[in-house]
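With chain A held as given, fit chain B onto it using these hints.
Protein chains in written order, with our numbering: chain A, -9 to 323; chain B, 14 to 369.
Just so you know, the hints here were simulated from the structure itself, not pulled from any lab data. Note that CB positions come from ideal geometry on N, CA and C, so glycine has one too. Treat each hint with caution, since some may be false.
[Said to hold, decoys possible] The calculated lysine-lysine pairs, modelled on PhoX-like cross-linking and capped at a C-alpha distance of 20 Å, are:
(1) B:Lys237 - B:Lys98
(2) B:Lys284 - B:Lys305
(3) B:Lys59 - A:Lys267
(4) A:Lys270 - B:Lys25
(5) A:Lys53 - A:Lys63
(6) B:Lys305 - B:Lys287
(7) B:Lys59 - A:Lys270
(8) A:Lys213 - A:Lys246
(9) B:Lys305 - B:Lys335
(10) A:Lys213 - A:Lys247
(11) B:Lys273 - B:Lys324
(12) B:Lys261 - B:Lys278
(13) B:Lys212 - B:Lys273
(14) A:Lys267 - B:Lys212
(15) A:Lys247 - B:Lys287
(16) B:Lys305 - B:Lys237
(17) B:Lys305 - A:Lys270
(18) A:Lys199 - A:Lys31
(19) B:Lys25 - A:Lys267
(20) A:Lys59 - A:Lys(-6)
(21) B:Lys273 - B:Lys237
[As the list claims (entries may be wrong)] Counterexamples of contact, computed for chain A against chain B with all Cβ distances above 10 Å:
(22) Asn33
(23) Tyr173
(24) Leu195
(25) Thr221
[Claimed, not checked] Cβ-to-Cβ under 7 Å is the rule here; a few derived chain B residues that face chain A:
(26) Ser66
(27) Gly69
(28) Thr133
(29) Val136
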Amino acid sequence: MDQKEFAELYESEKPMYEAWAKYVRSYVVDSLRSVLGSSEKFNEFIKVEPSYRIKTTDSLLTKAFIRKKDKYKNPYNEIEDKAGVRFICLLTSQILIIQKIIMECDSWTYTLDKQIDWWKEDDPRAFDYQSVHFVIKASKDLVLEDGSTVQYGTPCEIQVRTLLQHAYAEMAHDTIYKGEVEYSTDIQRSFARSMALLETTDSLLCEVKESVDELTASRESWKREVDKAATILVEDSLDDRGSTDKILNDLQGIVKKADIDEFRKFYLDDNNKFLAKKIKENSTRVEFRCKFIVLIYFFVKRYSALIYRQWPLAEEVLERIYADMGVAFPNSH
Amino acid sequence: MVEIGFENLNFKRLIIHNVYRPNDEGAVAPFLSQKLSILDAAAIKKIEERISSVLGVGSSSLEMEILESKAETSFKVASNLLSMKDKEFILESHKIAELHTKAHASKRWPGGTLVIIEATAGVHNNRCIIVIKAESQAGFMEEEVGDEVNLRYFENLILTPQSRLYKIGVFIEVSKKTIKKDVRGEEDFRSVVFDSNIKADDSRQAAKYFYSGFLGLKIPDNEKHKTRDFYEYTREFIQSSDLSAEEKVDAHNALYTYLKLDNSKVIGSRKFSKKYLSEDIQDDYNTFMDRKGFPNASINKDTSLLNKRLKIRKITFSSRVKITAPADDFSDLVEVVEADEQSTLIRIKGQVKDQA
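Chain A extracted, bound-state conformation (with noise of 0.2 Å):
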């Protein structure tokens, strides 16, 4: 194939690899939303608008007949990146969740050109570029929504990075890899040691946010127990999220010592059904109106010791609560 009919062929495919590659990109896309179940999740996801790109014909020619002229014996087949898609997320963490989805599509085949832990078979020493590259091809001629069809084995090519990898990336991986210039050694060992710091600064970010996810998935599963106990005892309850929210900090200390399900046997115990006549007795307070005065009771229970030293709010609440739990105000006597 000389240079013009290759030219020629490229552009008349064009429009097939365009039509690939954006559905590829929302493939992905969407059966990332419906993994991650919110949008609100999928932000906190996704940090760079996902793209895909279509190489130039020029630059097809450039690679094919200059560039890595000798590297392939069928260029126009060989060359697997004419389309491209790129996703980049926030941590590595999250790389794993959209390759899982690449890996399982039905619509084409993949192979993985790069994996994350490269380094593994390789020189655990280095410190380089870290993203996963996926070149996938078309199981079979689809057919998509627009119309249009893409032939079986069309190749597309898929990048998932992280937003660290891609500062390194857009600094580095178009200067040393597309290898136009040798770089002294100097400049290649400035690389290595800032994808080092990358990748430290990486793990540490991801431990934050395994711990953060912990922490949140803890309040929120004690918020649907204060919830849960107020619709059970407490009559017209105000809608307080913001001050369930307050005491739950407020008495973090207690929270994360006790048991959730021993909250739940408390509040469902048939014995403690009395809290709803002593709670609607106090209710002049808007503290037993609240959402969370349930949990209180419970700690007035269970950890008399402690919510006396940590109670936020008024003492007379407290007092007050003791009295109904039958338990002696520290204060007292």
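Showing chain B alone in chain A's frame:
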């Protein structure tokens, strides 16, 4: 045995009489109300709080034993009150004030106001009669009048938070075996008393007139077993806790101090933990003791079954090495300097004197 609880306290009716100290001519007749008292909701809540603070979990109240007697006792009157119509209730309640006057033998003991309450308490709504004797104290009430704050002086304030100035006895119905009989049996009831005088050794007489002379109760015989339980359970808790080796030794020293050296005649799990255990394990200890069935208020301290153990402290190591030492100054004689899983570094005062 069911745990007596003062949660879910609900007053049914209430009457108030005044009682006086004897004068030179002898007993002075009480002032007897002919009507039930009607209190507003806020006042009732405050009285509930006063009751809970001295009878509830962690308080100094003691469970007592109801003495059997042929004569008319506070218990008999109280058990009668439970089933009476208001009119009879009023008249029968007079007998309680009269029994108090009869028991009030010393001029040194002050008079006061008797608040007699029929209520239900606990998760099972057990019926009970609560008798409060409130002594009065003087105080002021401030009032903003016009452009100034005025003080009004009162000589007879009662039921302020100062628990030194009130005593409470309660008879709680825990079963209804004798409900059909004319006279209710003691076995259907349990009784609890709070009197700050019980704690201090020097005012035993003053305490005795209230729980014994007036209410017809006695300190149960099994307090020495309970005291031993307290020791054993606490030891078990310390042993099974996550405390470090040094902290365990300290906690054990504290247990010794509490039982042997502390002046208090009344002991309880919450009192012990509040005074001697670190904040973050207090609640776990309290819960541990509750689950063991140890009374959650107080008991009378009787260490007669523990004398030997309170004399000699013994530490046994996993390697079967043992150290014994006089308990009195154990913490001076034996100091745990450092401990890890393999070994314990201990400093012992004194030299090797003898061995076998």
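Against the structure, the hints come out as follows:
At most 20 Å may separate the alpha-carbon atoms for a hinted pair to count; B:Lys237 and B:Lys98 exceed this at roughly 42 Å. The straight-line distance between the Cα atoms of B:Lys284 and B:Lys305 is roughly 17 Å, inside the 20 Å bound, and the hint therefore holds. Our distance criterion of 20 Å between C-alpha atoms is met by B:Lys59 and A:Lys267, whose separation comes to about 17 Å. A threshold of 20 Å between alpha carbons decides the hint, and for A:Lys270 with B:Lys25 the separation of about 18 Å falls inside it, so the pair holds.
Distance check on the hinted pair: A:Lys53 and A:Lys63 sit about 13 Å apart at the alpha-carbon level, within 20 Å; holds. In summary, the hint linking B:Lys305 to B:Lys287 is supported, as the alpha carbons are separated by about 19 Å, within the 20 Å threshold. At most 20 Å may separate the alpha-carbon atoms for a hinted pair to count; B:Lys59 and A:Lys270 meet this at roughly 16 Å. At most 20 Å may separate the alpha-carbon atoms for a hinted pair to count; A:Lys213 and A:Lys246 meet this at roughly 13 Å.
A threshold of 20 Å between alpha carbons decides the hint, and for B:Lys305 with B:Lys335 the separation of about 29 Å lies outside it, so the pair is violated. Taking the CA atoms of A:Lys213 and A:Lys247, the gap is near 16 Å; set against the 20 Å cutoff, the hint holds. A threshold of 20 Å between alpha carbons decides the hint, and for B:Lys273 with B:Lys324 the separation of about 9 Å falls inside it, so the pair holds. Our distance criterion of 20 Å between C-alpha atoms is broken by B:Lys261 and B:Lys278, whose separation comes to about 25 Å.
Straight-line distance between C-alpha atoms of B:Lys212 and B:Lys273 comes to about 15 Å, which keeps the hinted pair within the 20 Å bound. Our distance criterion of 20 Å between C-alpha atoms is broken by A:Lys267 and B:Lys212, whose separation comes to about 35 Å. A hinted pair counts as satisfied when its Cα atoms are at most 20 Å apart, and A:Lys247 with B:Lys287 qualifies at roughly 18 Å. The straight-line distance between the Cα atoms of B:Lys305 and B:Lys237 is roughly 17 Å, inside the 20 Å bound, and the hint therefore holds.
Of the supplied pair hints, the one linking B:Lys305 and A:Lys270 is violated, its CA atoms being roughly 33 Å apart against a limit of 20 Å. This hinted pair checks out: A:Lys199 and A:Lys31 have alpha carbons roughly 13 Å apart, not beyond 20 Å. Restraint check for B:Lys25 and A:Lys267: satisfied, since their Cα atoms lie roughly 15 Å apart, inside the 20 Å limit. At roughly 16 Å between alpha-carbon atoms, A:Lys59 and A:Lys(-6) fall within 20 Å of each other, so this suggested pair holds.
Under the criterion of a C-alpha separation no larger than 20 Å, the hint pairing B:Lys273 with B:Lys237 is consistent with the structure, at around 14 Å. With a cut of 10 Å on Cβ distances, A:Asn33 stays outside the contact zone with chain B, its closest approach being about 40 Å. Its beta-carbon lying about 53 Å from the closest one in chain B, A:Tyr173 satisfies the requirement of being farther than 10 Å from that chain. Residue-level check passed: A:Leu195 sits 31 Å from the nearest beta carbon of chain B, beyond 10 Å.
At roughly 21 Å from the closest C-beta of chain B, the C-beta of A:Thr221 stays outside 10 Å, upholding its exclusion from the interface. Evaluation of the B:Ser66 hint against chain A yields a held restraint, the C-beta minimum of about 4 Å falling below 7 Å. Because the beta carbon of B:Gly69 sits about 4 Å from the nearest beta carbon in chain A, less than 7 Å, this interface hint is met. Annotation: B:Thr133 was flagged as interfacial toward chain A, and the flag is violated, the nearest CB pair being 10 Å apart, outside 7 Å.
At a threshold of 7 Å, the smallest CB-CB gap from B:Val136 to chain A is about 4 Å, leaving the interface hint in force.
Hint compliance for this structure: hints 1, 9, 12, 14, 17 and 28 are broken, all remaining hints hold.
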